[in-house]
Amino acid sequence: MDAGAQRSSDGAFTVADARRRGRSRRWVDRRGLDRPFHGVRAEPRHLEPPAHPAAAERAAIIEAALQFGIRMNVGGCFSHTTAALLWDLPMPFLSDARIHVSTPGRAPRAAGTVGHQVRPDLVRVVRHPRFGVPVSDPATTWAMLAPMIGAYDLVAVGDAVVRAPRVAGQFSYLLRPPLADLDDLRRAAESGRRLGATALREALGRIRPGVASRTETWARLLLVDAGLPEPVTDHEVYGPAGDFLGCVDLAYPDLRIAIEYEGDQHRTDAAQWQRDLEKHERLTDAGWRVIRVARTQLFHHPVQYIDRVAAALRARR
Numbered sequence: 578m579d580a581g582a583q584r585s586s587d588g589a590f591t592v593a594d595a596r597r598r599g600r601s602r603r604w605v606d607r608r609g610l611d612r613p614f615h616g617v618r619a620e621p622r623h624l625e626p627p628a629h630p631a632a633a634e635r636a637a638i639i640e641a642a643l644q645f646g647i648r649m650n651v652g653g654c655f656s657h658t659t660a661a662l663l664w665d666l667p668m669p670f671l672s673d674a675r676i677h678v679s680t681p682g683r684a685p686r687a688a689g690t691v692g693h694q695v696r697p698d699l700v701r702v703v704r705h706p707r708f709g710v711p712v713s714d715p716a717t718t719w720a721m722l723a724p725m726i727g728a729y730d731l732v733a734v735g736d737a738v739v740r741a742p743r744v745a746g747q748f749s750y751l752l753r754p755p756l757a758d759l760d761d762l763r764r765a766a767e768s769g770r771r772l773g774a775t776a777l778r779e780a781l782g783r784i785r786p787g788v789a790s791r792t793e794t795w796a797r798l799l800l801v802d803a804g805l806p807e808p809v810t811d812h813e814v815y816g817p818a819g820d821f822l823g824c825v826d827l828a829y830p831d832l833r834i835a836i837e838y839e840g841d842q843h844r845t846d847a848a849q850w851q852r853d854l855e856k857h858e859r860l861t862d863a864g865w866r867v868i869r870v871a872r873t874q875l876f877h878h879p880v881q882y883i884d885r886v887a888a889a890l891r892a893r894r
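Numbering (the numbering used here) for the sequence shown: 578 to 894.
Since the hints were derived computationally from the structure, they do not count as laboratory data.
Computed spacing ranges between beta-carbons, pair by pair:
| no. | residue 1 | residue 2 | range |
| --- | --- | --- | --- |
| 1 | 650 | 831 | 49 to 59 Å |
| 2 | 752 | 830 | 16 to 26 Å |
| 3 | 704 | 830 | 33 to 43 Å |
| 4 | 744 | 850 | 11 to 21 Å |
| 5 | 806 | 876 | 17 to 27 Å |
| 6 | 620 | 751 | 31 to 41 Å |
| 7 | 820 | 689 | 48 to 58 Å |
| 8 | 665 | 831 | 27 to 37 Å |
| 9 | 764 | 863 | 35 to 45 Å |
Just so it is clear, CB atoms sit at the ideal spot from N, CA and C, and this is done for glycine as well.
Using the sequences and the hints, build the whole thing.
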């Protein structure tokens, strides 16, 4: 597919394409246009950035990727952390916002990008269903991240890839199929000699379905690595009469212990807050012990979190 035909960021165009269409050099070099990459121009956009820093970072990198996409060479694709963001996979806050591009030929070189020369057998390229740009598929993307992110985050990305979002309850239904399954991840990890092969093998055994967020992955792995039993993920709780009480992030069903991660949206969204209160009241009335954990404790004081869960386990045995 010709790069000029690729879907681009709103208002972005290549100088070469504009010139082919009869635009003058003066027009493409006029003041007021952004120049995100060599040979690319873009109309300035004045959008309100997302309030959360991570969301703002994600939006900025995706915007830059789409702008670069209109000048990408045939055979190239977005990869590594850039592909992860395009697939909406959970990533830690990135210290490097450059765009990652892979190609089977000579690694591309452009300011603001990181070029990778990859063997064709190590990458499966697809066209992104939303953005229309060539990108490494989700399983390949996960495998490419092994040397770039920590062990817990590699599992978190794998969890996100195999997750099939759903509406829980008596009439449960899927919102979409998973991006890939565990066999796809295994094939990507074993497709050839990769950087981080050991990390990939270790992560494969720890990936679980039904994990809705990076923080839930961390919450589970912290407990397991502390020597506690592994909790069940995405657990539906029903009352004695078969009535649906709620779905919890992590659970020890036999002991009726639930672990719920409380993100910012649980605090700032009034409707979400009310639903959480009602769910926790139903669980408590049914004899469940609900442990609620916030981001600060999970990432900055994990021992406190582990001790709380350990104490609950001892009390219920």
